[in-house]
Amino acid sequence: MRDLFKYIIILIILFLCQVFVLDKININFYLLNIIHPFIYFYIILIVPNIPKWIYLISAFLLGIFIDLVYSTPGVNASAMVCLAYIRDWVLYRVFEGDRNEIAYPHIAFLGLRKFLIFTFYCTIIYQTISTFLAVFSFSSINYTLWTIILNTIMSMILVLIVDLMLFYNNSTGRQS
Amino acid sequence: MDNLIAFFIRFYLVILFIFLQVICIYLVIDYNNYQNAKAFEISSGVQGKLMSKFESITDYLSLKKVNDSLLNENARLHSALLSSKMIDTFYKGQQVDSIIKQKFTFIGIRLLKNTVNQRNNYITLSGGKKHGIDKDMGVIASSGIIGITRASSDNFTSVISVLHKDFKISAIVTETGNIGSIIWNGINPNVLTLEINPTQSKFKEGTLYHVMTSAYSDIFPENLPIGTFTKWKVNADNSISAEVHSGVDMTNLKTAYVINNIYKNEQKAVELIPKPKAK
Numbered sequence: 001m002r003d004l005f006k007y008i009i010i011l012i013i014l015f016l017c018q019v020f021v022l023d024k025i026n027i028n029f030y031l032l033n034i035i036h037p038f039i040y041f042y043i044i045l046i047v048p049n050i051p052k053w054i055y056l057i058s059a060f061l062l063g064i065f066i067d068l069v070y071s072t073p074g075v076n077a078s079a080m081v082c083l084a085y086i087r088d089w090v091l092y093r094v095f096e097g098d099r100n101e102i103a104y105p106h107i108a109f110l111g112l113r114k115f116l117i118f119t120f121y122c123t124i125i126y127q128t129i130s131t132f133l134a135v136f137s138f139s140s141i142n143y144t145l146w147t148i149i150l151n152t153i154m155s156m157i158l159v160l161i162v163d164l165m166l167f168y169n170n171s172t173g174r175q176s
Numbered sequence: 001m002d003n004l005i006a007f008f009i010r011f012y013l014v015i016l017f018i019f020l021q022v023i024c025i026y027l028v029i030d031y032n033n034y035q036n037a038k039a040f041e042i043s044s045g046v047q048g049k050l051m052s053k054f055e056s057i058t059d060y061l062s063l064k065k066v067n068d069s070l071l072n073e074n075a076r077l078h079s080a081l082l083s084s085k086m087i088d089t090f091y092k093g094q095q096v097d098s099i100i101k102q103k104f105t106f107i108g109i110r111l112l113k114n115t116v117n118q119r120n121n122y123i124t125l126s127g128g129k130k131h132g133i134d135k136d137m138g139v140i141a142s143s144g145i146i147g148i149t150r151a152s153s154d155n156f157t158s159v160i161s162v163l164h165k166d167f168k169i170s171a172i173v174t175e176t177g178n179i180g181s182i183i184w185n186g187i188n189p190n191v192l193t194l195e196i197n198p199t200q201s202k203f204k205e206g207t208l209y210h211v212m213t214s215a216y217s218d219i220f221p222e223n224l225p226i227g228t229f230t231k232w233k234v235n236a237d238n239s240i241s242a243e244v245h246s247g248v249d250m251t252n253l254k255t256a257y258v259i260n261n262i263y264k265n266e267q268k269a270v271e272l273i274p275k276p277k278a279k
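Going down the list, the sequences are from chains A and B.
Using the numbering used here, the first residue of the first sequence is number 1, and each one after it goes up by one.
Using the numbering used here, the first residue of the second sequence is number 1, and each one after it goes up by one.
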C-alpha cells in the first residue's frame, strides 16, 4: 500500500514536470524543431512485479489520460500498452540472471550499463510507435527518423537523471 | 470446450494486448468524428482550468511583448478596416440605410496553451461558447493566421493549429494571383508550405512574393497576411511548392483573435442544397 502511494506521487510529479516544464522548452537542432522529450513513461519502466493484466490495463488508462491532455487520441495509449507488454521481456534479456531476483529495475539494482541498455530499448520502442502513429505517413521519413533518434536521446538523459534522483543513495549505493 | 478455456487462460495476456491495441488504433484512425469532439470538449475544460492557473503566474513576464503586438495589431486594423466588411451593392428599389454591412466580427482572446514541438499541434483559448466562439471559426494573431477552432466548451476552446497535418486553407500569391493551399510539412514551425495548382505562370528568381488568404474561404476574410516566400520548386506536374516563411512567431503567442463570419451559415445552407436530378 505504501508503495502504491509512492508510485502515484512519482507519477503526479512526473506529469506536472512534463506539462509545465518540458512542454514549454523549444530546442532548435538544425532544421528540426519538433524535439519533444518525454518523461512520464518512466513510471511504466519502474513499476515492480504486479499482475500482468492490471499492469497492461493501467498502462492503457494512463496513455488515454495523456492523450486527452495532448489531444492525440490513441497515440500515447498504444505506445504505452506496447511498452508495458514488452518491458518484462526486455528486462529479462538485459538482466541475464534469475528472473525471480528482479524486484526493481532501477539503476542501483541493475548497474549503469544494464540500466542504460534497458532504457534505450524501452525508449526507442516507445518513441518509434508514438511518433509514427502521430505522423501517420511515410513521407519525409528521414525527418521522422531524426525526430525519433533525438527524442530518444533526450528522453534517456531525463530518465537517467530522474532515476538517479529518486532511487540512488549516493553515500552507500543502496536503494532508498 | 476445455481446450478453448485452456487456450484463453494460456494466451489471455496476448488477447488483452491485442484488444487494447485495437482500441488504440481505432482511436487514432477515427479521431475526427463527433463523439471524439465531445470527449475533447471535456478534456479542453480540464486542461483550461489547469493552464489558466499557470498562465496567471507567467503572464507578467511578457507584458512588453504583448504591448508591442497590440500596437502593431491596432495599426493593421486601422489600415484594413474596410476589408472586413461586405459591400452590398445589390439595390432593389427599397430604402437601404447603408451599402456596407458587417460580415466578420473579431473576438480578442488570450491563449492558455500552445505547442509547436509535435507533429499535430493544438492551441487552447481562454474563451468558449459564452463568448460566442464555436467550432470552425478562424483564429489569427496580429500578423497572420494561426488556426481554426475545433471544439468549444463554455469557457474554453480547442484550436487546430496551423502546425497540424489536417490544417489546410486556400491562399493567394498577391503578385501573380495564383491560388494554392497552405499546409505544414512537420519540420519547422516557422515555415509553411504553399502548394500552388499546376500553372503556366512563371515566378521570377530573387523576388519576394507575399501570400494572403484568398476569397474562397468562408472562415477567414480576404487578404489576411500569411507570409512571404522567395524559394520554390516546380514539381513534375507543373504544380509549385513554395517555402512560406510565416509572419507569426508560433513559439511566442500570447493573444489571438477569433473570427466569426456572420453569413457563414447562410452561405453553407445555400451551398448544401442538393442539385436537381436530371430528367
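A couple of the hints might just be wrong.
Unchecked claim - No more than 20 Å apart at the CA atoms, straight line, and that leaves these computed lysine to aspartate or glutamate pairs for EDC-like:
| hint | chain 1 | residue 1 | chain 2 | residue 2 |
| --- | --- | --- | --- | --- |
| 1 | B | K53 | A | D23 |
| 2 | A | K24 | B | E55 |
| 3 | A | K24 | B | D249 |
| 4 | B | K168 | B | D59 |
| 5 | B | K233 | B | E266 |
| 6 | B | K254 | A | D3 |
| 7 | A | K24 | B | D59 |
| 8 | B | K49 | A | D3 |
Claimed, not checked - Simulated restraints on C-beta separations:
| hint | chain 1 | residue 1 | chain 2 | residue 2 | range |
| --- | --- | --- | --- | --- | --- |
| 9 | A | K24 | B | D68 | 30 to 36 Å |
| 10 | B | I57 | A | D3 | 31 to 37 Å |
| 11 | B | D237 | A | Y92 | 25 to 31 Å |
| 12 | B | K64 | A | R2 | 35 to 41 Å |
| 13 | B | I179 | A | I157 | 45 to 51 Å |
| 14 | A | N49 | B | N265 | 57 to 63 Å |
| 15 | A | E96 | B | D154 | 53 to 59 Å |
| 16 | A | I157 | B | R110 | 29 to 35 Å |
| 17 | A | D3 | B | I25 | 28 to 34 Å |
| 18 | B | A215 | A | I12 | 35 to 41 Å |
If you are wondering where the hints come from, they were derived from the structure by calculation, not from laboratory data.
Just so you know, these numbers come straight off a predicted model, no measurement behind them.
Every residue, glycine too, gets a C-beta built ideally from N, C-alpha and C.
Hints, verified against the model:
1. K53(B) with D23(A): Between K53(B) and D23(A) the Cα gap is close to 16 Å, so the pair holds against 20 Å.
2. K24(A) with E55(B): Cα-Cα ~12 Å, so holds.
3. K24(A) with D249(B): holds (15 Å)
4. K168(B) with D59(B): violated (31 Å)
5. K233(B) with E266(B): violated (39 Å)
6. K254(B) with D3(A): violated (42 Å)
7. K24(A) with D59(B): Given pair K24(A), D59(B) holds - Cα atoms ~14 Å apart, limit 20 Å.
8. K49(B) with D3(A): violated (30 Å)
9. K24(A) with D68(B): 30 to 36 Å: violated (21 Å)
10. I57(B) with D3(A): 31 to 37 Å: holds (33 Å)
11. D237(B) with Y92(A): 25 to 31 Å: Distance hint for D237(B), Y92(A) is violated at roughly 53 Å.
12. K64(B) with R2(A): 35 to 41 Å: This hint is violated: roughly 49 Å between Cβ atoms.
13. I179(B) with I157(A): 45 to 51 Å: holds (47 Å)
14. N49(A) with N265(B): 57 to 63 Å: holds (58 Å)
15. E96(A) with D154(B): 53 to 59 Å: At 57 Å between Cβs, range holds.
16. I157(A) with R110(B): 29 to 35 Å: holds (34 Å)
17. D3(A) with I25(B): 28 to 34 Å: Given range 28 to 34 Å: holds, Cβ gap about 33 Å.
18. A215(B) with I12(A): 35 to 41 Å: violated (50 Å)
Hints 4, 5, 6, 8, 9, 11, 12 and 18 from the list above are not met by this structure, while the remaining hints are.
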